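Using the hints, position chains G and X against chain W.
Residue numbers (the numbering used here), protein chains in the order written: chain W, 147 to 271; chain G, 328 to 775; chain X, 111 to 598.
Calculated directly from the structure, the hints in this document are not laboratory data. For clarity, every value in this text was computed on a predicted model and none was experimentally measured. Hints are supplied without guarantee of correctness; some may be wrong.
Heads up, incomplete: computed chain X residues facing chain W, CB under 10 Å, no partners named [stated by the list, open to error]: (1) Y229; (2) G412; (3) P413; (4) E583; (5) A584; (6) R585; (7) R588; (8) Q589.
A short list of chain G residues far from chain X (calculated; beta carbon distances all over 12 Å) [what the hints assert, rightly or not]: (9) T334; (10) R634; (11) L773.
Glycine included, every Cβ here is placed at the ideal spot set by N, Cα and C.
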Amino acid sequence: MSEQLRFTKEHEWILVKGDVVRIGISDYAQSELGDIVFVDLPSVGDHVEEGEGFAALESVKAVSDVYSPVAGEIAAVNEELEDSPELVNESPMDAGWIVEIKVDGVVQLDDLMNKEEYEAFLKEV
Amino acid sequence: MRYLPLTQEEREEMLQSLGIEKIEDLFTAIPEEMRLDSDLNLPPPLSEAELVRHFADLAAKNKDLKSTVSFMGAGAYDHLIPSIIKHIVGRGEFLTAYTPYQPEITQGVLQSIFEYQTLICELTGMEASNASMYDGASALAEAALMACAATRRELVVLPESLHPEWRDVVQLYLESQDVSIAYLPYDEATGIVDAKAFEEISWSEAACVVVQQPNFFGLLENVALFKQTAKDNGALLVMAVDPISLSLLKSPGELGADIAVGDGQSLGNAMGFGGPSLGFFATSSTKLIRRMPGRVVGETVDSEGTRGFVLTLQTREQHIRREKATSNICSNQALNALISTIYLSVMGKEGFKDVGFQCLQKANYMKQRLLEIDGLSSPFSAPSFREFVIRGAVDWEEVNKGLLEHGFMGGLPLARFGLPEYALFSVTEARTKEEIDSFVNTLRGLIS
Amino acid sequence: MTERRLVPLIFERSTPGRRGYRLPELDVPEVPVAELIPEEFLREEAPALPEVSELEVVRHYTQLSRLNHGVDVGFYPLGSCTMKYNPRVHEDVTGMPGFAAIHPYQPEETVQGAMELMYNLGEYLATISGLHATTLQPAAGAHGELTGLLVIKAYHKKRGEDHRREMIIPDSAHGTNPASCAMVGYKVIEVPSDERGGVNVEALRGLVGPNTAGLMLTNPNTLGLFDENICEIAKIVHDAGGLLYYDGANANAIMGIARPGDMGFDVVHFNLHKTFSTPHGGGGPGAGPIVVCKDLAQFLPGPVVKKDGDKYRFVMPENSIGRVGSFYGNFLVYAKAYAYIRSHGPEGLREVSETAVLHANYMMNKLKDIYHLPYDRTCMHEFVLSGSWQKDENGVRTLDIAKRLLDHGYHAPTVYFPMVVDEAIMIEPTETEPKSTLDEFIEVMRQIAEEAKENPELLKTAPHTTPLKRLDEARAARQPVLRWEKPE
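Chain W on its own, in the form it takes in the complex:
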């Protein structure tokens, strides 16, 4: 099963594996936020709508919502983040993943950017 990596304009990344997507934030996003001190995670089983903020990343003096590009059910959360929120800073694309969502219906990737497109997008920001 092939994996596809996509990015949103809000700087989340989405790794698609069949009908499950793993979501995190990009390296650019983590550097903009600064030291993450707390990750407010949803509960497994919660349902999220497309475009809904489902988690919040807290730095010392800011809070940033993480938005879902898909609708579905929270299938897993990265519990490591409860004790080690700094993983989002240290390994945003890997160990700092935030949730996995089991998508309702078929995953729509048309509106999302691939890696090259995202890098081009960052240059404009």
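Just chains G and X, lined up with the frame of chain W:
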């Protein structure tokens, strides 16, 4: 003006550097028709000496508790206040500081708040305390709202034995967020809430149940009953506690409370016609800490590894999260929290225990002496701490007028709260046997 | 790792068995505790309070105080906080037993002096604001906001318009404004600022409607600018059926010069711990009384003081929202504000505001060539610079500039607020500082701008001369340690 240092020359110099002729030129952004063309209608200025005289004149129209012996409590208590408190909190470094936004130059306030938080945790048996709230009543209101947010439920269960003014405050806060309230009546013989009262409530909807310990009448509630019901129904237990009583009584932590709040006036704060006091607010679990209202101080290190303290978990607060904040509170009662910190430190482990012990003994002594008077009785049977209710077929307001002539401030007539014939007495460690005996004799003379 | 400590905690000074205060011996016959309170109510272990002598307590807190900056120690240009001098005589007069030692439930005839003070203070605040009736119960500015919004809500409800639950707030507003709205179940509608830093009037016109409860505005606003369009703003909101709320955080600019009531505001709160000089005590207590127009007086929380001939009595307003706190609010705090008003009189208060505004403009004018001034117009009692030039050209942030100021014995200005200004530096000098202090501060700010160019590292690692160096706030938030634990 007394506090304005600017000389006429300096003023001219400043105006000149701005390229304007007169100060009015700085106010042109204010539409002409809105600018006042005459002075405010206020009394003329007083010199320092005149101000002191004026205040002394006003003060003379009040009967203060230095010249009167008081047995009035009901939320504001006449405890002994160690002399060092006013000297320490009068220091300008504490008194004239703002909120500690720059930790490198405000460790004094930050560390004292950290000590305060620790002391509140020791008293309440809770995991974490915030840096203070306005008063006990608003702290309780915020606790109820926090319970709603934590449980995602919208019903709060309040005992009718709660201080009536606290009930008013909680009710206002809750109604303004469309939270429902259910009441637990107290038993008229014991004065506390009993098991029967719990039957009528739809517990599955309850975010929390509140219990005040001791309750408004000074009586000890059966907290285990509240805890069991809360636990069985997934609701939180919120305890409103008197801090002095915690020298003797089981802590909210031991009783399984999720949130403990109270009013800290009795911990070294002047009565001051009711304010400023402080509310304390503490909670039991790490999960709940992030839902707490108000400021919190945490420990950390500086860039050279020296221990220091900072405001922390600020993302809960209004200046960051705005309408999604856990509360709108910003200024709290920091100086009163400092007072209570010094009070608890200088009283210390033994001294504090002694305060509670003496309150208990003296209140009991006075209650027994009052019950010797014909026509007076004890309407409630539950055990009490520091305060107790006496019943008698007399007009307590009138009785109190008579007592005042003898230099006594009597108990609080509860007619104002719908209980004619009842009066609530408070006896602290500050009262002496002689005062109590003399009061009892005077009262006997007045009502027989 | 053994950490170094500046001052031990009071708990770390504890010695078992030591005592700091003794009560008189118990003089009534002692009854065993268990006979008075059944065992199951009693705690087994007394709270682990410190065991220290009185001298140790005095030294401990004296040492702590010396680590702290206050107005009494040095310049405190913390924007939006009005850190003016707090007259010491106010501590004396409010410490008189006739005020400090009276019980809130004493019979009214025994507290006529206190009630007279409350009544007159309410009248004075009404005069200063150009409005009608006052409550002194709110304990702080945010508490005043909550109270004011509850009054507005009660007004709409009584008129059968409980659906009006949208409150319009400028994007430059204090965080308490939207947070207070949430406390009363109001939806926050944000109105953008225009290019002059005021409310964008056209945008406002598009935002009001049948659900508008009102508008909350600070004027002068958080940029230190007076909103010139206030008449039009008031008209738009009133025409839509809404009410105007005045956040009085910045009232130090307008005392005796203009009145919120005359500008069309219906509700005002004052921060007595700012404008009226009551000391802020390291974060409180404050006092946040609100004053309202005639139509709203019936909804105020109570009790309020009424005057009957020469007698004062407590009454609940006819359609009172109830109570927002215990008793009558922070009495000993607002009694100091009363003293402040009596000390100044009408001319004095006007001179306070005039001087505060003059000081701010003087400083702004002397700093705007080296720090970016995003809104270059006459300011009121404070002004907002931006550290954006230093950020872009020297890689130095506003935070670094703020920290460097600490090395010079100043408290830093308010930074990163309002959010509409990038790298904001909000400076409020107040009227009580001598010109020499203003000049020295200007000089230091210029020097720091030079340092940013020549030695940016010096700023990035500042402060250097304070008791502690920069603190690790991320560590404090990641693994919160919120209390001292006895070492095992």
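inquiry  = Check the structure against each numbered hint from earlier and tell me which ones fail, lowest number first.
reply    = 1, 2, 3, 9 and 10
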